[in-house]
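> Using the sequences and the hints given, assemble the complete structure.
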Amino acid sequence: MPDVVSLNSAPTKPVLPKPFAPEDESALREALKRCSPSTFEAAVQFRKTSNPDHVPAVVIGVIERFVEPDLRIKLKEADDDLRLIEDLGIDSLTMMEIVILVEDVLQMTINNDELRHLRTVGDVKTFIDCKIRGLTLPKPTKFIPIEHIGAVMPTQPPFLFLNEASVSSTSASGKYKISGQEFFLQGHFKDNPVMPASIMLEALGQLAVLYLLEGAPTEPGKAVSPQMIFFTGCEGVRAHRICKPGDVLSLSIKPKRMKMPLATFEGSIRVGKEKAIIAEEITLTFGFVDAVNAPVAIESNVETAAKLPAAGETAADSLPLRVAINA
Amino acid sequence: MPRVFITGLGFVTSIGNDRPAVTQSLRELRHGFELYPPFLKPEIPVKVVGTIKEFSTNSPDPEDWTFPNRYKIKRELLRSMAPNGLFAHCAMLQAVADANLSEADVSNPGTGLYAASGGSPYLTHHHHERLQKMGVMRCSPLGIVASIVGTLNFNLVAAFKIRGASCGFSSACASSAHAIGFALDDLMLGRQNRMFIVGAEDGNADAILPFAGMRTLSLQTDPNIASRPFDAARDGFVGTGGASVLVLETEAEVLRRGVRPYAELIGWGQASDGYNVAISHPDGGGSAAAMNLALHAARVNPSEVDYVNAHATSTLIGDISEARALRSVFKESLNQVAVSSTKALTGHGLSLAGAMESAFCALALRDGFLPGNAHLTKVDPECAGLNLPTSTVSQPINIVVKNSSGFGGANVALVFKRAL
Numbered sequence: 000m001p002d003v004v005s006l007n008s009a010p011t012k013p014v015l016p017k018p019f020a021p022e023d024e025s026a027l028r029e030a031l032k033r034c035s036p037s038t039f040e041a042a043v044q045f046r047k048t049s050n051p052d053h054v055p056a057v058v059i060g061v062i063e064r065f066v067e068p069d070l071r072i073k074l075k076e077a078d079d080d081l082r083l084i085e086d087l088g089i090d091s092l093t094m095m096e097i098v099i100l101v102e103d104v105l106q107m108t109i110n111n112d113e114l115r116h117l118r119t120v121g122d123v124k125t126f127i128d129c130k131i132r133g134l135t136l137p138k139p140t141k142f143i144p145i146e147h148i149g150a151v152m153p154t155q156p157p158f159l160f161l162n163e164a165s166v167s168s169t170s171a172s173g174k175y176k177i178s179g180q181e182f183f184l185q186g187h188f189k190d191n192p193v194m195p196a197s198i199m200l201e202a203l204g205q206l207a208v209l210y211l212l213e214g215a216p217t218e219p220g221k222a223v224s225p226q227m228i229f230f231t232g233c234e235g236v237r238a239h240r241i242c243k244p245g246d247v248l249s250l251s252i253k254p255k256r257m258k259m260p261l262a263t264f265e266g267s268i269r270v271g272k273e274k275a276i277i278a279e280e281i282t283l284t285f286g287f288v289d290a291v292n293a294p295v296a297i298e299s300n301v302e303t304a305a306k307l308p309a310a311g312e313t314a315a316d317s318l319p320l321r322v323a324i325n326a
Numbered sequence: 000m001p002r003v004f005i006t007g008l009g010f011v012t013s014i015g016n017d018r019p020a021v022t023q024s025l026r027e028l029r030h031g032f033e034l035y036p037p038f039l040k041p042e043i044p045v046k047v048v049g050t051i052k053e054f055s056t057n058s059p060d061p062e063d064w065t066f067p068n069r070y071k072i073k074r075e076l077l078r079s080m081a082p083n084g085l086f087a088h089c090a091m092l093q094a095v096a097d098a099n100l101s102e103a104d105v106s107n108p109g110t111g112l113y114a115a116s117g118g119s120p121y122l123t124h125h126h127h128e129r130l131q132k133m134g135v136m137r138c139s140p141l142g143i144v145a146s147i148v149g150t151l152n153f154n155l156v157a158a159f160k161i162r163g164a165s166c167g168f169s170s171a172c173a174s175s176a177h178a179i180g181f182a183l184d185d186l187m188l189g190r191q192n193r194m195f196i197v198g199a200e201d202g203n204a205d206a207i208l209p210f211a212g213m214r215t216l217s218l219q220t221d222p223n224i225a226s227r228p229f230d231a232a233r234d235g236f237v238g239t240g241g242a243s244v245l246v247l248e249t250e251a252e253v254l255r256r257g258v259r260p261y262a263e264l265i266g267w268g269q270a271s272d273g274y275n276v277a278i279s280h281p282d283g284g285g286s287a288a289a290m291n292l293a294l295h296a297a298r299v300n301p302s303e304v305d306y307v308n309a310h311a312t313s314t315l316i317g318d319i320s321e322a323r324a325l326r327s328v329f330k331e332s333l334n335q336v337a338v339s340s341t342k343a344l345t346g347h348g349l350s351l352a353g354a355m356e357s358a359f360c361a362l363a364l365r366d367g368f369l370p371g372n373a374h375l376t377k378v379d380p381e382c383a384g385l386n387l388p389t390s391t392v393s394q395p396i397n398i399v400v401k402n403s404s405g406f407g408g409a410n411v412a413l414v415f416k417r418a419l
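Going down the list, the protein sequences come from chains A and B.
Under numbering that gives the first Met the number 0, the first residue of the first sequence is numbered 0, with each subsequent residue one higher.
Under numbering that gives the first Met the number 0, the first residue of the second sequence is numbered 0, with each subsequent residue one higher.
These aren't lab readings, by the way, just hints derived from the structure by calculation.
Within a straight-line C-alpha distance of at most 27 Å, the following computed BS3-like cross-link-like pairs (lysine-lysine) qualify:
#1 B:132 / A:47
#2 A:255 / A:274
#3 A:124 / A:47
#4 A:124 / A:255
#5 B:73 / A:73
#6 B:71 / A:73
#7 A:141 / A:258
#8 B:71 / A:75
#9 A:75 / A:124
#10 A:32 / B:71
#11 A:75 / B:73
#12 A:141 / A:174
#13 B:132 / A:32
#14 A:32 / B:73
Dropping the structure here:
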């Protein structure tokens with residue numbers, strides 16, 4: 000991902016707004032006339048005080064204004080993993096409309112190449128926030144399809160419980176649909192297939208592994224070794240809902256602490272809006288290897304899977320992986 | 000070669016926003032003129048416009064527009080439209096329903112769309128001003144497709160998922176007549192089996208006022224006499240906007256779908272004056288040549304023509320030029336062919352005119368009437384000899400010729416026939 004480098008290169012300069020005049024307020028009111036009153040208020044506060052705490056409300060308010068009314072409810076539920084294109088129906092032209100209005104309202108400039116990496120509402124919020132504060136931009140959220148997951152993960156089917164995942168430097172989310180074909184459901188339970196809570200915990204652990212491999216900040220010249228990640232413990236696990244074949248598990252994890260050789264995450268699984276399981280802490284051990292000595296075979300698989308459009312066919316030659324793709 | 004029929008119509012015009020209203024206005028010679036509020040300023044000498052009722056588009060932001068709530072249009076579609084695009088979208092919905100077309104009938108490789116509008120000078124102005132004031136990168140990403148001349152076809156082709164031929168025509172006031180002519184060719188050559196023809200104009204101050212510089216607009220302040228083609232006291236045209244849509248289909252499609260057509264389109268012709276950039280040839284040579292070619296293509300003798308829907312816009316030079324062209328084409332049968340200009344009712348729709356007036360001809364052929372010349376009290380002696388009925392005549396008519404002429408001396412004639 001060479002594009003990421005350019006994004007991370009130089010910190011952008013903090014914005015120094017001009018004093019906020021009454022005519023600015025009326026221009027702002029006109030620009031935001033189709034946004035909620037709270038969006039306008041947040042914009043006024045930001046322009047008067049330059050306090051970046053007001054930025055998320057402005058950004059969400061502007062996005063909301065450009066989303067079809069029947070989809071706006073999704074924004075109210077406010078999760079940062081909402082995808083702009085897939086979940087909110089925002090096309091690239093609408094994205095430009097959003098950008099122009101945000102630029103206008105927050106008095107900032109956004110370049111085209113900075114936009115290409117913004118996939119989720121959270122990405123947009125973080126991006127704008129970093130620009131305003133003059134911070135280095137984090138790695139953008141990366142969508143990881145099943146072929147790539149299969150290529151990088153030490154875990155493999157039939158013991159891989161991720162169909163797709165998105166990983167950023169601050170969190171990871173994933174989906175797994177319980178197909179009903181999982182081998183352990185034959186016995187868990189008799190004539191009553193229920194996803195074991197221990198396996199759901201395993202799925203969260205796998206997402207944390209993927210985060211360590213694909214999203215976690217590393218030391219210069221080092222990479223996390225897939226062979227060196229193991230489970231060490233978990234705390235505060237509670238199951239809230241029985242999950243059965245057909246349910247789509249929405250998994251998310253966030254790192255709480257990372258200090259070699261331990262990484263601790265909080266994690267949760269939802270089915271639709273319903274809480275299924277939460278874990279206050281899941282801890283893994285991990286280890287670095289020199290980046291140049293990173294496992295070559297796996298890396299080259301990654302390259303292949305990412306480059307070839309037909310990678311699904313080649314990478315998925317093994318039956319279990321194909322099952323996982325089709326799930 | 001396949002025969003081609005008109006099977007659906009849609010209207011957003013100064014004289015009505017659906018077929019029944021338009022038919023009634025044509026029969027009763029009710030005009031659509033009003034004193035236009037943006038022209039009330041004393042420094043604007045032009046006062047009267049053929050206004051579009053029920054629609055308000057006097058904002059550069061389409062989300063400010065209002066239109067009848069029987070039309071549901073998503074922001075996603077609306078945001079790239081000019082006012083003429085909104086009018087046309089609504090007229091398209093009418094035409095699709097009128098022709099009883101399914102989604103599959105509209106979106107397939109055999110169905111195309113030809114459109115004509117002058118673009119949107121109003122939005123062009125707005126977006127350029129924004130570019131100058133706010134900077135290049137703060138221009139609306141949809142400013143171009145909402146305002147340049149192809150805006151109509153871009154928007155409609157995407158919104159209605161048209162997959163056959165599509166393009167825009169730009170010959171000023173002959174544009175949508177050209178679109179009909181070339182659509183007829185495509186249908187006769189078997190390239191398409193159904194074509195939508197769309198003409199539309201904003202009809203607002205930015206679209207109309209530039210013609211004042213040419214001194215071609217009527218300065219009348221009385222809406223009842225501002226547009227009077229062929230009248231000795233005429234003083235220029237009255238501008239209008241809106242949209243009209245025609246659905247053209249091959250005979251095979253008409254039979255397959257079992258629909259009753261309005262009329263048959265049996266031929267067309269075009270010829271140019273080669274004379275002046277804006278003034279029509281005083282002898283009407285190009286217009287006469289277009290009519291002769293159209294009648295020849297339609298295999299119709301001039302004496303068989305019942306009615307000519309004239310281009311006559313109520314300008315001093317243009318009406319005389321067309322009268323001379325009619326004289327040279329119809330010769331001894333001149334007094335048998337009824338001639339009228341419905342621009343006396345609608346005003347001049349520029350790119351829209353050819354499609355709108357062809358749709359009027361389709362109504363006249365199906366319903367059996369020919370609209371009279373409204374507001375005509377004293378025929379200009381230069382137009383003497385023409386049969387210019389001053390009231391609408393209810394009688395079955397068989398063959399109709401529609402004339403259109405545009406800048407650069409472009410002339411088009413279309414020939415329609417009653418569908419039996």
